[in-house]
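Going line by line, the protein sequences match chains A and B. Counting from 1 along the first sequence, just add 37 to a position and that's the residue number in the numbering used here. Counting from 1 along the second sequence, just add 3 to a position and that's the residue number in the numbering used here.
The set of hints was computed from the structure by calculation and includes no laboratory data. Just so you know, not all the hints are guaranteed correct.
The calculated lysine to any residue pairs, modelled on SDA-like cross-linking and capped at a C-alpha distance of 20 Å, are [stated by the list, open to error]:
hint	chain 1	residue 1	chain 2	residue 2
1	A	K216	B	A43
2	A	K216	A	G169
3	A	K216	B	C6
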Amino acid sequence: MDDPPEGTAPEAGLLALAKTGHLDAFEQLVALHERRVFSLALRLTGSVEDAKDATQEAFIRLHRKIGQVDSGRGVGPWLYSVTVNACRDIGRERQRSRLVPMENWASLAAVDCASSPEGLYADRQREERLRGVLHRLPEKERAALVLREMEGLSTEEVAQILGSSPVTVRSQISMARLKLRKLLRGKL
Amino acid sequence: MTCAEFEERIALYVGGELAPGERLAVEEHLRACPECAGLARELEEDRAWLASRPPETAEVDYVAMRMEIRRRIDRPRWIWKWIAAAAAVLLAFVVAVNMRRERQLPPVAVRKEVAVRKEVAAVTTAPRPKEAAVRRRRVRRAAAPEQTASTVKIRLATRDPNVTIILLHETREVLP
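With the hints as constraints, model all of the structure from the sequences given.
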């Protein structure tokens with residue numbers, strides 16, 4: 038395999054090679070981002086199997102359009118966009134509901150997660166419940182909230198990824214925060 | 004403005020997403036309203052908790068996932084290679100069949116004569132002597148060998164004066 042050009046960041050070199058059709062370089066790009074993409078997909082779909090499918094689909098879509106990726110910005114923004122779209126497509130395709138009951142949320146929230154095995158177990162439970170709570174939000178509000186709060190993107194970046202205006206995204210985030218607060222405290 | 008009307012703005016305020024003017028109005032309201040101040044605190048807690056969540060770590064075989072991605076990327080390439088190979092074989096077959104057929108056919112001049120004879124035989128069953136002679140002259144003229152590639156037009160009269168048979172034969176070959 039050709040080495041990435043000297044003096045460039047590893048991702049930029051891999052991206053340049055991948056754009057020439059170098060499959061090994063593309064595979065290394067996948068290895069760099071797969072965990073983050075899967076994590077985002079899992080939060081958006083609420084299902085491990087769907088998240089796996091969405092992750093694969095996101096990278097295949099990235100491969101198809103890799104020539105259009107701006108080398109200066111890297112694959113990050115593209116990956117967010119294709120992952121959100123892949124999750125949305127999979128969600129619509131399957132039309133399944135994966136709601137997680139919320140009745141024990143309050144007790145779990147009270148446990149100190151890092152201090153004991155019980156805490157670790159509770160932390161895992163909270164993650165699963167978080168998935169369930171997120172999945173009870175409308176699709177667009179969920180995507181906006183996850184990208185803003187959990188991926189740390191700005192409102193403008195989220196708007197670009199979701200193909201909406203910043204004003205719309207602000208409204209979605211605001212509604213999602215209020216609903217999430219009620220869901221986490223069993224008020225909804 | 005009521006507390007309910009402030010809710011959405013408070014939800015944006017905690018994320019720093021309000022314009023300066025709106026932010027001041029919300030801050031003023033929060034100082035005056037303990038209930039809305041409580042709402043803002045809870046929203047801030049939720050934000051902090053969400054931001055502190057580590058990436059999801061479900062059991063996933065990433066190597067297998069990468070292999071599957073590569074397999075799906077490679078598949079279309081193989082499909083196109085097979086389609087191209089099949090098209091090439093089909094084209095070669097069609098060309099070969101055409102060449103073989105061309106070799107089996109008699110030369111154009113012979114073909115033309117045979118065709119003319121057949122036509123004459125078909126239209127001259129018990130012809131009147133004078134008409135037959137005219138027809139033969141026309142046929143002979145039409146069947147005369149040509150020096151260059153051209154269109155051969157054969158006009159044949161039949162017993163029925165309203166029916167005339169016109170044969171057209173176009174060739175691109177240069178005849179000797």
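These are the hints, each one checked on the structure:
1. A:K216 x B:A43: holds, 13 Å
2. A:K216 x A:G169: holds, 13 Å
3. A:K216 x B:C6: holds, 16 Å
The structure agrees with every numbered hint stated previously.
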